[in-house]
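Chains as they are written, first to last, in the working numbering: chain A, 489 to 772; chain B, 126 to 352.
The set of hints was computed from the structure by calculation and includes no laboratory data. Careful, some of the hints might be misleading.
[Claimed, not checked] Heads up, incomplete: computed chain B residues facing chain A, CB under 10 Å, no partners named:
{"no.": "1", "residue": "L174"}
{"no.": "2", "residue": "V175"}
{"no.": "3", "residue": "S177"}
{"no.": "4", "residue": "A178"}
{"no.": "5", "residue": "R181"}
{"no.": "6", "residue": "G182"}
{"no.": "7", "residue": "T189"}
{"no.": "8", "residue": "S194"}
{"no.": "9", "residue": "F201"}
{"no.": "10", "residue": "A202"}
{"no.": "11", "residue": "C237"}
{"no.": "12", "residue": "P238"}
Where a beta carbon is used, it is the ideal one built from N, C-alpha and C, also for glycine.
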Amino acid sequence: MSDQEKEKEKLNVPVAPADLSHATGTPLPAAKPGGPGEDGTAQYFYGEALVGFDPSEITGNLIVIEGMDGSGRSTQIALLQEWLESEGFAVQTSGLRRSNLVGRDIDELLAKNAVTRLTLALMYATDFFDQVEHRVLPALRSGTVVLADRFIFTLVARGVVRGINRDYLSGLYAMALRPHLTFWLNVRPETAFAREFKKAQAISYWEAGRDMSLSHDLYWSFIRYQTMIKREFEVMAKRHSFIELDGEASVSAVNKQLRQRIGDQLGIRATKYTPSAALAHLWR
Amino acid sequence: MPSRAYPGALIVVEGTDGSGKSTQLYLLKRWLEIGGYRLHFTEWNSSPLVKSATRRGKQRRLLTPTTFSLLHAADFADRCERQIMPLLQGDYLVLADRYIYTAFARDAARGCPGRWLRNLYRFAPVPDITFYFRAPLDVAVNRILSGRPKLKYYEAGMDMALSYDRAESFRLFQARILEEYDKMVDSDSFVVLDGTLPVNKLQKQMRDIVASKIDLKRFAPGLPAPE
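Same shape as in the complex, but just chain A (with noise of 0.2 Å):
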């Protein structure tokens, strides 16, 4: 069985009782399997195609960036997305609470803090493929290259530290699409809190983790969780063979490793690099 099988069968497992603290009821007769479509559909998406999708349409690529907050995610897109550019790739970005549909309001609901862990899950996922069905295959359709912000992993991390069933988020999630590449920027979280506070004077409450009662001091709610994260991250990592860069390193040490990947992976050959005068200062 190859890696990617024994990947689909993972996500494809039937549906246990939810360990969601809440749902106790009879579970829900699950419905009869029906493997994915013969078609190449677990080579783009991890269990289910979306609806109305075929996926022999997909020539761009889709590169994911993954990361916590202060890991220099924001900072290395932007490069790439320069460098690919003068390569003379299209590319498009996309990451969370971008959506049209849906972005603002969960803003606003983060903004009220008056919302449950589920709604706010769901609310993410709508988020998600509202971005997937209307900016990202699109995109991959015409043969750009994706570069994501973040992707489902954060959402899946953030939705286990809080409690839900990991196997209700990877069903949730069986639609979306498998990234041609998944790179995993690692920092401490000492290292990231530094970075982030730097950057803003200040933590935000949902960065910190605050709704989870982890503790009264901000540091130290902020490192409990983003620990927890990362936890997440280092299972998901084997599962789903994510590249994993030491995001410590200099911005011009982690870019260089990120060009050589993505150059082998669109067949670029050369993959020297200098930002131009207006991303310069990221270049540090």
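Fit chain B to the supplied structure of chain A, relying on the hints for placement.
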């Protein structure tokens, strides 16, 4: 049957548009209210939390089968976590006008995979009684078309491009939904009622079934919820 973690009871009505289910649930609710029972009534798609998103998505026609389904699941999760579960735990009778089976039927009719849908809603408590009001397609569709001539875009299933004519699209969509409901009768233990019977006869059947399946005394007036 596995033991459950709440003392309350959940009664659900399901059926296609025009099957008479809302009228019947209203009459059941009146009967229980007049009797003084502790109850709460909840409707599909009524949470203020995601209302603006749903409205925007519908107005601008941004919704696909997947996001349509997810947004309604988010809405239901909000109601489930904040109303239905706490009330069931607090020993209430909860009456639901439409429940997860509406999503199973309607979203499957739009092409969403059944297994994905079942997973999506598996946090929902299983009802004590699910009444399925079954009316032949023509009866149900004519009830709607005669009383409510302006069908909305998604309501008529126009997003599936079944027909350019709204009424015809609605009919084709409802036929698919009816088919999906019928598939769940056995697997989800629906109590099937004939939606073409006179209102008062149907209500009598419904009340008899509720009285026989649920220990109503537990929700009776003068009895506070047990500790």
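These are the hints, each one checked on the structure:
no., hint, in the structure
1, L174, "holds, 7 Å"
2, V175, "holds, 7 Å"
3, S177, "holds, 6 Å"
4, A178, "holds, 4 Å"
5, R181, "holds, 7 Å"
6, G182, "holds, 5 Å"
7, T189, "holds, 5 Å"
8, S194, "holds, 9 Å"
9, F201, "holds, 9 Å"
10, A202, "holds, 4 Å"
11, C237, "holds, 6 Å"
12, P238, "holds, 4 Å"
Hint check: no violations occur; every hint is consistent with the structure.
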